[in-house]
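On the provided structure of chain A, position chain B as indicated by the hints.
Same order as they appear, the protein sequences are chains A and B.
Letter by letter, the first sequence follows residues 0 to 313 of numbering that gives the first Met the number 0.
Letter by letter, the second sequence follows residues 0 to 359 of numbering that gives the first Met the number 0.
Keep in mind that the hints were calculated from the coordinates and are not lab data.
Residues of chain A clear of chain B, computed beta-carbon distances all greater than 10 Å:
(1) Met0
(2) Met69
(3) Asp70
(4) Gly163
(5) Glu197
(6) Ile212
(7) Ile270
The calculated lysine-lysine pairs, modelled on DSSO-like cross-linking and capped at a C-alpha distance of 27 Å, are:
(8) A/Lys12 - B/Lys354
(9) A/Lys216 - A/Lys180
(10) A/Lys73 - B/Lys216
(11) A/Lys93 - B/Lys355
(12) B/Lys216 - A/Lys77
(13) B/Lys355 - A/Lys19
From the three backbone atoms N, C-alpha and C, an ideal C-beta is built for every residue, glycine too.
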Amino acid sequence: MNPDKELVIQTNKLTKYYGKARGIIDVDLSIQKGEIFGFLGPNGAGKSTTIRTILDLIRPTSGSALVNGMDPVKEGAKVRRSVGYLPSDFGTYKSMTAKAYLHTLLAMMDYKGENRIDELSNRMDLDLTRKIKEFSRGNRQKVGVVSAFMHNPKLAILDEPTTGLDPLMQQEFYKIVLEEKAKGNTVFLSSHILAEVETICDRVGIIRRGKVIMVEKMSTFKKKTGKLLNVEFDGKVDPKIFMDLEGVSQVKEGEGNVLIMTVTSHIDEVIKELAKHTVVDLTYDEVSLEDLFLKFYGRENITVKINNGKGVEA
Amino acid sequence: MGIDADFASFDFNSTLDEIYKMDLTPILEIYKGYNTTDLDELLEDYPFLIDFLGGNLIDMGVGSDHSAFTPIPLDGLFPDMNLSDVELIYFGESTNVNFTNSGNSKVFIVGLIPNDWNLTNMTYRGPVFINELDVGSEIDKIMEDNPMIKILLGDEMVSFTEIDGFMAIEYFSMWPLMLLIFLAIKTGATVSKHVDDQSIDILLATGYSRFRFLNEKMLVILVNMVLVVFGAWLGLVLGVLMIGEPVPLVGMTYTFLGSIPMAIGIIGISLLISVRVDEGSKTTGAIMGVTIFMFMIQIVSNIAGWQDGLGYISLFRYYNMIELMTSHVFDLVNIIVPMVVGIVSIIGAYVLFWKKDIHA
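The following block holds chain A by itself, in its conformation from the complex (with noise of 0.2 Å):
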């Protein structure tokens, strides 16, 4: 693979199997410098293995893989120092307090430059001079952003990295992030939430079942996905009325004398039809990736939730 200066990531067919077991099949990325990318997925469809892979902390099967230039299975080292990650779950070292640990994994990534710790921590609301197993699940994983931002790198790697956090720490997070893109570095962050990719990456590709199935802008991917407008009126209304609504995808009957319509643009002029009619009762929700795979994909292997929540192959 040839290496791209813009690029400070390039996978090319890059697959892993455990024995048998699929983890990532033929996963084809291209992250540009300077964007913040948003690697979206349902658990288990591959996104950790492929950041692992990425990161030579896993051996791919075949395929290859450059991040910054480097070849990660020639020089994972580099390729690591390269980076700022953040895992999905890591261990720490529970007896140190939480400054004396992000101090340690400075002197052993022997950086001598100017560090974030301080400024960091404040942001993030943690108390630096606790030890770390007095901390709660979402202290921990705010010491992992301070570690993965902590000394300045141009590639962030996050795996999921506002699990624990609460929605004000989730918030100064995302500010985070984008300040790393105003000052040209990348963020590749996964997640299974759609609303957190769509608040701040620019691009974003969706992996399931191991395989990348698309790669678009935000803007484009916005389009195609829409929010999910649920409305209850006192009596019946025509769905064919929304139909005929430009930014209108989709509309479906639900029980009573409720309409179900995937709004991707034009919001505007659906209000003005609603208000022709007396609402009863309104919601405007995000898609969910099973609606979006729905959508996108048909129910052709899609997992449903049946059975008080447990999935079951369709």
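For chain B alone, kept in the frame of chain A given last:
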């Protein structure tokens, strides 16, 4: 130091009739050094002697169904052998037997004489008990004077009444097991601990290569090994000084240094298991299982006479504490075999770790 006792108890497998039919069969006891001896107590004090006695001592219970036996000088009985200092003090079959010491005995051995009465094929079954002898000189002299004793004893001879003999039994019999278990557990945690507590991701994320990770872990283990060996040596030296005994410094140093190849062996095996089985409890279980298995193999081999067969697979085989303590000689085989096992295993662990998928 001595044994305060008043009788010896034996059980031999042959019946008295069988013994008589075999003419002069199967027991020869040479007893010197004490007026009376309680073998039962002796074995309780020095359990490792049971290895020497094998299965022939079944019931060491107190009591006697034989009256005291007066030692009979054997000199002249076998013209080809110098038995001038050898006395037969019991000959026959019994569960318990009392015997009276001639008063000047220094060595005590039990031997099973083969049917053809060829003493060179005699099976050694007895403990050695030498009182207040200089192990390096007087035993040699006794051996020279009594070739049969050498045949019976082979090289396995140590004075239990001297500090080095005491250490060989009380201390060094447990030392290999303690050292190997410590190092096995310590090494076993090398990789599995970090995978188990998910800290390996962060460690490697700091830019550590897999090689560097293992190198530094190995360095820590080797330092631990040196500290433990040196610490144990120092502790024993101080302990011996505190009880006012002369310190057999050279023998002790040989004995501790001689345990290092065996330690390298277990470090290698444990590292290999740690890399392969990276789940904390399973790793510890596997490593402890291997260590105890090797220890048991060594014991069973000693009892069953498998030293030249199954016994080879036990690392404990390659540590001869008595030889190190008394002869001050490193056996090349005992150095090379465990070192090769250790180094090959370490190389295997590195290769395996190089290919390994790290799942935190």
